[in-house]
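Undergrad: One-letter residues, chain by chain:
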Amino acid sequence: MPIETWLIFILSFMIIGSIVALEIKDILSAVIAVGVVGLGVSISFIFLQAPDLAIVQFLFEIFALIIMVRAFVKKDYHQEEPSKANKILIGITIITLLAILYFAASVLNLLPQFGEPLMNTAQYYLNNGAADTGAANLVTSIILDYRAYDTLGEITVLFTAILGALTVLRIKSKSHR
Amino acid sequence: MDNKSGMTIIVKTITRITVPTIILYGCYIIFHGHLTPGGGFAGGVIIALALLNVMIAFGRKFTNNWLNINFLEKLESISATLFLILGILGFLISSAFLFNFINHGELFRLLSAGTIPVLNIIIGIEVAMSLFLVVWVLAGLKLDKGEEL
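Same order as they appear, the protein sequences are chains R and D.
Numbering of the first sequence is given in the working numbering, commencing with residue 1283 and proceeding in unit increments.
Numbering of the second sequence is given in the working numbering, commencing with residue 579 and proceeding in unit increments.
Derived from the structure by calculation, the hints contain no laboratory data.
Errors might be hidden in some of the hints.
Per label pair, the in silico range of CB-to-CB distance [unchecked claim]:
| hint | chain 1 | residue 1 | chain 2 | residue 2 | range |
| --- | --- | --- | --- | --- | --- |
| 1 | D | 598 | R | 1345 | 32 to 38 Å |
| 2 | R | 1413 | D | 615 | 31 to 37 Å |
| 3 | R | 1293 | D | 674 | 20 to 26 Å |
| 4 | D | 597 | R | 1445 | 43 to 49 Å |
| 5 | D | 644 | R | 1449 | 57 to 63 Å |
From the three backbone atoms N, C-alpha and C, an ideal C-beta is built for every residue, glycine too.
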């Protein structure tokens, strides 16, 4: 399937998620729906070939979810009951962790050798960076010429985060005066 | 200027001398981003820290009078928009989004590398304003004593 089809699918999924987040009564479900929208943005970044940006968006989304759950969900909303099957739970956890470790160790063999990257773009940048962009600093020529799209996304992430912080904190400090 | 707000007169005098130098250094880092290590992000953080230095030394009230906060907010939004406009210009003039459409010039010169210095300046303004504003807002926040986050 072409990338556009996947993007349209993810975008419609995100729109549905945001509508659910606005309309639903349960606050925890609304927070999780907002998280679905953010993860959709992250996946669409992967499809647009901006992996660094996808990582930033993913981490930021997790961070925002934690803060929102901590801030908006009341403490007595989900009371944790003292569990009776503690030993069984611990056993299941250990077995699961061991299984994950085993599979991770088997994946290690598939990795390329140290110092032999899968992609050869870095060598191209080293050879042609100065001639292509005219910048003496290779890092700048990558982040502002070859990968300028990623930088635009980083700026947008920063801008949106500060905008949200300004809006929320301003309302709060005004209401205290 | 009243001497009661902020820190002691020693700190204020030293701040008055050092802050212009720090801002000049941040501008240097931004303008030479395509020649030496650094660039928009690093230089922007330096300028933001210089402004925060003023805020810590002289107090928040003085900073409110000294700087036009509304203008800073507009500057932040304008710089983010300018980045996008430059990208669209690259798309219109040449083939690709954010294309380096200005003449590259000679290597190791200050005026070289096409759009890269322009983008560095835009990123510097954006990072400086946003990092300063978020601490400025947090400094003005007053939480009640018994209140949790």
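Undergrad: Let me make sure I understand: some of the numbered hints might not hold for this structure. Which ones are they, in numerical order?
TA: 2, 4 and 5
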